[in-house]
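Once you've looked at the hints, dock chain B against the given chain A.
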Amino acid sequence: ETGVTQSPTHLIKTRGQQVTLRCSSQSGHNTVSWYQQALGQGPQFIFQYYREEENGRGNFPPRFSGLQFPNYSSELNVNALELDDSALYLCASSLTVSNTEAFFGQGTRLTVV
Amino acid sequence: SQQGEEDPQALSIQEGENATMNCSYKTSINNLQWYRQNSGRGLVHLILIRSNEREKHSGRLRVTLDTSKKSSSLLITASRAADTASYFCATWRDSNYQLIWGAGTKLIIKP
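Just so you know, the protein sequences line up as chains A and B, in that order.
Take the first sequence: its letter number 90 is residue 90 in our numbering, and every next letter is one higher.
Take the second sequence: its letter number 74 is residue 1074 in our numbering, and every next letter is one higher.
For reference, chain A alone in the conformation it holds in the complex (with noise of 0.2 Å):
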């Protein structure tokens, strides 16, 4: 156990609809980075918040995004959802953001259909 926990575990949505995702990092983290990972595919890195900012970003429009809570919990939010915005979708804290161990969560396996 990572102490990391993300809600909900699966969901299924429909094709244009909106969903947030939630995590709650590390007790004493203030970093947290959120991922997508495709079936068969690594990690891809979504964004990075450190103490309630964005902090760093990948290849993902502007429809992710994300907030950083005082507590350090994080939602990642996507809008219009497509097709194939389904996957496992992974929140990892770490306890500062130059410390690169990162503890992650279960995920949550998003379906789009």
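It is worth saying that the hints were derived from the structure and are not from the lab.
The structure displayed is predicted, hence computed values, not measured ones.
Careful, some of the hints might be misleading.
[To be verified] Cβ-Cβ distance ranges computed for the label pairs, FRET-style: (1) 1081(B) / 60(A): 18 to 26 Å; (2) 1027(B) / 96(A): 19 to 27 Å; (3) 84(A) / 1008(B): 23 to 31 Å; (4) 12(A) / 1039(B): 16 to 24 Å; (5) 70(A) / 1038(B): 28 to 36 Å; (6) 1024(B) / 15(A): 33 to 41 Å; (7) 14(A) / 1027(B): 35 to 43 Å; (8) 1052(B) / 96(A): 16 to 24 Å; (9) 16(A) / 1068(B): 47 to 55 Å; (10) 56(A) / 1038(B): 40 to 48 Å; (11) 1081(B) / 84(A): 33 to 41 Å; (12) 52(A) / 1111(B): 43 to 51 Å; (13) 1094(B) / 16(A): 34 to 42 Å; (14) 38(A) / 1081(B): 23 to 31 Å.
A virtual CB, placed ideally from N, CA and C, is assigned to each residue, including glycine.
Structure of chain B alone, referenced to chain A:
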């Protein structure tokens, strides 16, 4: 885009044998990490090797890093059925504060 490429894509061995997985990457790095993933769930950090290190051990794991060849290997000795999982390498660069991942090696340990 993914930085690393793992080889082989899949590996099936008998319990007790050693398993070796390789990872190649494209750009300079500050460190390289190996993670394990069971059944498409969360990833578990196994070991981190810094760019100025050549070899590192942790229990039954041995990792090597060759920065001149931009490659790393993960050796699991005396494999167990519980080692069945996908293994990923990820590289870290201080300049962009993100882990870049390979596509993983699926390891199956047959009892």
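List of violated hint numbers, smallest to largest: 1 and 10
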